[in-house]
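Line by line, the protein sequences give chains A and B.
Residue numbering for the first sequence is 1 to 114, as defined by my numbering.
Residue numbering for the second sequence is 115 to 309, as defined by my numbering.
I should point out that these hints are in silico values taken from the structure, not numbers from a laboratory.
Beta carbons are placed, not taken as given, at the ideal position from N, Cα and C, and that holds for glycine.
Hints should not be assumed to be uniformly reliable.
Here are some chain B residues pointing at chain A (derived, C-beta under 8 Å) [to be verified]:
#	residue
1	Met-115
2	Met-183
3	Ala-186
Negatives, chain B to chain A, calculated, CB over 12 Å [to be verified]:
#	residue
4	Gln-193
5	Gln-194
6	Gly-196
7	Asp-202
8	Thr-279
9	Gln-288
Restraint-style ranges between C-beta atoms, simulated for each label pair [stated by the list, open to error]:
#	chain 1	residue 1	chain 2	residue 2	range
10	A	Arg-41	B	Asn-283	28 to 36 Å
11	A	Ala-79	B	Tyr-200	19 to 27 Å
12	A	Ala-76	B	Thr-249	39 to 47 Å
13	B	Thr-279	A	Ala-79	47 to 55 Å
14	B	Pro-251	A	Tyr-100	52 to 60 Å
15	A	Ala-76	B	Ala-264	53 to 61 Å
16	A	Cys-105	B	Thr-135	52 to 60 Å
Chain by chain, the residues:
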Amino acid sequence: MTTVQDLVNRLNLTTFCLPDGGRGITGGCYCGDLLSWVMGRAPAGGIWLTIMSNVNVAAVAALTDLSCVILTEDVAPDAALLQKAQAQGVNLLGTPLSTYDCAVCLSRLLQAQA
Amino acid sequence: MKELSLYILDVAQNSISAGATRLELTLTEDARGWLTVVIADNGCGMDPEFLSRVTDPFTTTRTTRKVGMGLALYLLAAQQTGGALYMDSAPGQGTTVTATFDRNHLDCPPLGDLAGTVALLIQGSPALSLRYRHTTPWGEAELSTEELKAVLGEEISLAEPEIFTWIQNNLSQQEAQLEGAAQSYEKPGRTQSHS
Chain A
1 MTTVQDLVNR LNLTTFCLPD GGRGITGGCY CGDLLSWVMG RAPAGGIWLT
51 IMSNVNVAAV AALTDLSCVI LTEDVAPDAA LLQKAQAQGV NLLGTPLSTY
101 DCAVCLSRLL QAQA
Chain B
115 MKELSLYILD VAQNSISAGA TRLELTLTED ARGWLTVVIA DNGCGMDPEF
165 LSRVTDPFTT TRTTRKVGMG LALYLLAAQQ TGGALYMDSA PGQGTTVTAT
215 FDRNHLDCPP LGDLAGTVAL LIQGSPALSL RYRHTTPWGE AELSTEELKA
265 VLGEEISLAE PEIFTWIQNN LSQQEAQLEG AAQSYEKPGR TQSHS
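With these hints in hand, go ahead and build the complete structure from the sequences.
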């Protein structure tokens, strides 16, 4: 099974916070920036791609039990998000790619490994 | 939540959970596009310590999980338009939540179904004394459960389906008239200045 650490290595992702790199990707991928929308739809064990970078991102990730969050478009987490991600054990990564381009790369990678 | 009415419903549910018997929902718009939403209740209120961390998403009174997003997302929605959120509360004194939104900002959600939201709140808590006011420079929409009860008498519950439908229709009409009036209202800044 693909792990979060595999994603980091293969897509050369920035690791803002990686408390559980060995966690497997078990829920596909979800893209979205309206947090209340994502909260009800992101699959447990999945990857979430977003440009949002405030503390509520950690809450949504914890609530939906995501395997990791990838901040796209070179977005960096604010201080409160970084602190909460560490405290809550949320894998928080980054990429310069757009959400679409990152999703395409993830799709190829996950299909190759399946 | 893609509409402001859904945020308002969510925050108003907090008031009801806090044991409020009176709830005032006041929306005030000005000619420049600023909207102020005041949700004021006479519920149990919050102590300063809880109040200071109530917009933190990891704060909740819920016992089934440790995350409560209502006020955290409401704050975010206001901030995303350049607005702000203020809270005033004390134990036994109720809570007032005030949020400001720039309706001209691209990230400001639409108002949504305010009539449905008010009707739903009343149906869910028919004993609640609720006053709704939406005030703008081009007119106003208003509904008060006290006035409804005065007309209907004490025997009829506001949770009756016919009452729910009446409230929704009445307020929808008022809101539609407001929206119509807004279209024809000459907003400062949109008109050319004649010097």
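Against the structure, the hints:
{"no.": "1", "hint": "Met-115", "verdict": "4 Å, holds"}
{"no.": "2", "hint": "Met-183", "verdict": "6 Å, holds"}
{"no.": "3", "hint": "Ala-186", "verdict": "5 Å, holds"}
{"no.": "4", "hint": "Gln-193", "verdict": "9 Å, violated"}
{"no.": "5", "hint": "Gln-194", "verdict": "10 Å, violated"}
{"no.": "6", "hint": "Gly-196", "verdict": "15 Å, holds"}
{"no.": "7", "hint": "Asp-202", "verdict": "23 Å, holds"}
{"no.": "8", "hint": "Thr-279", "verdict": "28 Å, holds"}
{"no.": "9", "hint": "Gln-288", "verdict": "27 Å, holds"}
{"no.": "10", "hint": "A/Arg-41 - B/Asn-283: 28 to 36 Å", "verdict": "33 Å, holds"}
{"no.": "11", "hint": "A/Ala-79 - B/Tyr-200: 19 to 27 Å", "verdict": "23 Å, holds"}
{"no.": "12", "hint": "A/Ala-76 - B/Thr-249: 39 to 47 Å", "verdict": "41 Å, holds"}
{"no.": "13", "hint": "B/Thr-279 - A/Ala-79: 47 to 55 Å", "verdict": "50 Å, holds"}
{"no.": "14", "hint": "B/Pro-251 - A/Tyr-100: 52 to 60 Å", "verdict": "42 Å, violated"}
{"no.": "15", "hint": "A/Ala-76 - B/Ala-264: 53 to 61 Å", "verdict": "57 Å, holds"}
{"no.": "16", "hint": "A/Cys-105 - B/Thr-135: 52 to 60 Å", "verdict": "56 Å, holds"}
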